[in-house]
Structures are given as C-alpha cells and as structure tokens.
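Chain X: place on chain E using the hints.
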Amino acid sequence: MARKASTSLIPPLGEIRFTTWFMLIVLLIFALAPVLTEITGTPFYLSVATRLIILSIAAVSLNLVLGYGGMVSFGHAAFIGLGAYAVGIPFYYDITNGFLQFGLAIVVSALFALVTGAICLRTKGVYFIMITMAFGQMVYFTFLSLNEYGADDGLSIYKLSQFPGPIDFTNKVQLYYVCFASLIVSLFIVHRLVNSRFGMAIRGAKGNEERMRAIGFNTYAYRLTCYVISGAMCGFSGALLANFTNFLSPEMIDWTRSGELMFMVIFGGTGTLFGPFLGTAVFLGFYTFLAQFTTYWQLWLGVLILISVLFVKGGINGLIDKIEGVVRKRPVSAPAATPAEAKDE
Amino acid sequence: MSEPILQIEGLVKRFGGVLATDNVSFDVAPLETHAVIGPNGAGKTTLISQLSGALRSDAGVIRFKGEPISNLPPHQRSLRGLARSFQITSVFMEMTVLQNVALAVQAHRGHSYRFWRPAAGDAELEAPALECLREVSLHERRDVRAASLSHGEKRQLEIAMALATEPDLLLLDEPMAGMGREESERMINTLKDLKGEKTMLLVEHDMDAVFALADRITVLVYGRVIASGAPDEIRNDEAVRRAYLGDEGA
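As they're listed, the protein sequences go chains E and X. Residue numbering for the first sequence follows this note's numbering, beginning at 1 and increasing consecutively. Residue numbering for the second sequence follows this note's numbering, beginning at 1 and increasing consecutively.
So that you can see chain E by itself, here it is in the shape it has in the complex (with noise of 0.2 Å):
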C-alpha cells in the first residue's frame, strides 16, 4: 500500500491521509485569502496570515533539521536576522534590487550555517542546543551594536525589495502571493528532499548515527549539508519578513524567537511535512485572538503545550492521524515513505 502510494502519482482517494487532506482544504483557503479578507472587509486578517506564512517557512526550514535530522536548533531565528538585515542593510545604500537582496539573504545564510554548523555539529544533545542558541545570540548582539544600522531603535525599510516587471511588494496581496507561493515551494523542496537518498541518509543519522556510520555513512557531511539548506531556506523568509514589516530590529531576533519556532514546529508535528505550518497557525491565532482579551495569553499556550506534550503524540499532526485512526478504525502508522515516519525514535 504505501509502495502504491509513492510511485504512482495519483493514490486511490481512500489512500490519501486526512492530513493531506486537511492541508489540502486550509490551503485553499489560504489562496483565497485576499479575496475572503476583502469581502470581509478585514484586512487586518491578510497581515496576519502573510505573518503566518513566512513564520511558516522558517519554522519549516527549522523541521528539516529539528524534525527529520534530529538536529535541535536553538539559534534559528539568527538566520531570519541575517536574510532580514540582506534586505535592510542594502536599501541603507540605496541598494533596493530585490533579487540582489534575496540572493544575499540565501547566500549569507548559507555561509553562517556552513561555518557555524562545522562547529556545532560536533556537539551533541544539549551541547548542540546550547551552542547553537549562543552563536544565534552572537548575531544578535552583533546587530544590536550596529549603530549604523539603527542598533537596537531598529531600522526602518521606506523602499521594499524592487523586482522587475509587475512584481509589487507594496501591493499587499502580491505580497502575500509571493509568500504563499515561496512556503508551497518550500514544501515542496522539503518533501522532495527528505524522500530523497539524501533524506534517507538525514532521517538514518538521526534515528542511529552509529550505525550509519558503520555501514558506511559520513553522517556528519550529511548533517551539515542538510543544516546548511535549512540556513538558507530560513534566511530567505528572513527577506520576506523585512518586507513584510517595513522595519528590523534585533529584537526579531533574539533566542525567545527561536524558542517561538521551536514551539511551532514541535506544536504542529515534528518531522512532518505540514505540522511546521499548522503549528505556526496556532500560535500566531493564540497570538492574534487571545491577546485581545489577556494579556497573559502565553499563559494558555503553556497549558496547550503541556496538553499536547503529555496527550497528543507527534502535535496536531498526530492529533489528526489519531482521528483517522477513528474514522478509519484502523490504526494508522505512516506508510515508511511518508515524512510522518521519521516522527520519533
């Protein structure tokens, strides 16, 4: 059966995962966002789900490495900084080509994991995590002396990235067209990716490392190609953020931020293809609705976190295999070449 399913492109309907489907029908929704606000005459909610979708690709950039790598990130949000300070720190100059500035955002990035992950990927387990955080942390800092570029009052973006042709950052539905279209991509990068033999080689490091060294495995070259890619797919919705919020400060930055991914993508399911997106909904709607009626909303969260931690294997993802569990009345463990494998040990 879930030979089936991986080889030929279309699976039976009774085949497709509820997951698949529920992702299916919010992103539908998702496309239709614009027009819904519109209609609506809401468009605070547009801001709010372009947030949520480039909150989205970092913390699906930070899944590959946490979720199917084992790699426990905790400086994520460092990347975001780089991608973001790519698009501010050219416009400073008058530099506003956008390809230029994403170009840089990626390439930056990249380079920072390279040289950063060469480091932490030595260590291990909470070694990894500590290191990781502090050499986030040095980024943050560093833009917090950067007096030039406004230091800690931020820096304010008056002229958004320049693309080409009908390319409109300050259209606030291109933009937000641009974002959907990147987080689809980037799913589709990931899902590719982690069923490749790259994947296979990532998903094994972190299931045996010992083994898959003994069989013949540089694991660590793997894992610091596959650290690098989620570098520079995080540094990229960096660059969407700063054109996003018109304005960067090191605060976007500091290591709660990368705290704040973290949830998300364990929230949503770790090692899953959607649950980085669905836990970022959550989030950003605790974020969004009930920090209208108190301020101690994070407060909640805890509570959610601890409710999903102790009940819910595998977050909302997991919550929604077990209703197909249900529904289907058979249990459902993730046919092996599915991303949902790789869930835990």
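Hints should not be assumed to be uniformly reliable.
What the hints assert, rightly or not - As a list, the in silico DSSO-like pairs of lysine-lysine whose alpha-carbon atoms are at most 30 Å apart:
(1) X:Lys154 / E:Lys322
(2) X:Lys192 / X:Lys154
(3) X:Lys195 / X:Lys65
(4) X:Lys65 / X:Lys198
(5) X:Lys198 / X:Lys154
(6) X:Lys154 / E:Lys313
(7) E:Lys159 / E:Lys172
(8) X:Lys154 / X:Lys195
(9) E:Lys329 / E:Lys313
(10) E:Lys124 / X:Lys192
(11) E:Lys329 / X:Lys198
(12) X:Lys192 / X:Lys65
Bear in mind the hints are in silico, worked out from the structure with no lab data behind them.
Just chain X now, with coordinates in the frame of chain E:
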C-alpha cells in the same frame, strides 16, 4: 597460506586503569570463519569496536587487505569492505525492513547528495537489498517496520544490513545474543550459508555455535589472547579450560 585479510598487531585499549585490550595480535585469513571467545568482560566487544573504528586504539596496528586502517573513521572502514553487526540490536526502528537494508546499499553506491529523486522504489537500491534479505530469509517481511520485528528477526536484519555493504570481512558481535534455541539455530544456519563465501570474525558466547562454525578460534581473557588455533586444539587447551572453569586468576 594466502596473505591474511586482517592483521592485528599489538592492539591496546585502556579505559582509565583497565586494560580492555592487552597487546592483542592475530590474523584472519581470507574466507575463514574466525571466532573470538572469552568469558564476560574479556574485551570482545571492545576489540570489535576497535576494528570497526567506533573506538580509537591506544596502540597497535590494524591492517586490512594489507593497508593500515587504524586511523580511519568508521565510515571509511565500511567503504573499504569492513562490515560489523552490533551486539545490542542496532537497526533503524522507524524504517521498514527493506528501507533498512536499502540504506546500507545506498551507502556503497556513491555519494548520497541526491536531493530530488525518491529513494523509495529505486531498483538500484531495492534489488540488491532484497537479495540480502533473501540470504537471511527475511524477504517476506520487507514492508514491516523494523520496530515490529521479533528479536530474532532484528538480529537477522542486522546481518542483512552488514551483507548489503558487500563486505570483504564481516565483524559479527554476538549475533546469537539473547536468542532462544530456535532463533539461534536459524541464525547458525544463516551463518553456515555464508561460511566459505564471506570472511567472518565472529564474537560469540554460544559455544555450540562457535564449534559448529569456526575454522579457527582465538580465546580472549582479560583482554589478552591466551590461545589461538583450530577448534580441537582449543577444546583441549589447558589454559582455556581453566579460564572457562572459573579459575581465571590462575
């Protein structure tokens, strides 16, 4: 006699004050089945780990196919044709049986920087993997998750993964560990099938298995080689008898 495939000379491993491997030297000839036996704590697994590269040696030389490999990391030893199985079952629990073996095949089919084509359904990986599964009679369980296998089946899978790397030398660390009689017999049969085709260095507690399989036996006690020779010689060796009768201090 032909050139030995594996030469171990003066190998030493210290853990603090404990000499786990004490100046161990012996050879393994091509296509022979060489067993290493010894009481608990004799340093058998340590020796295997030193040979596979999981542990660094403090002194001594390991030559594999004539070349020193003492300073190579584990994955490069594997790529040169040295495969190991683990005493404590070490497979990829969340993957299927076939995926486990296909991954081992993949490791030896060039680099894995192939980011786009799905690995599942790739005949270049799965055909040889199935072949290895057949050799250990596990092919009917190909789509079962490794975590759902019985203990004996997991051990068989270990062997299949080692075979998938097309090794010139198999290091088998207690393949019969924790097995019931029936499972043990199945494993012995699997290894008998491999005997004569593959060079094997077998570390084992199960004496029936050792005497049924080994061409030569090396006896390790407290990290030291106390005897080495054909099964009959070992059976009648005075020092070995003493070691196994519990009179180890003598």
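Checked against the structure, which of the hints given earlier come out wrong?
10 and 11
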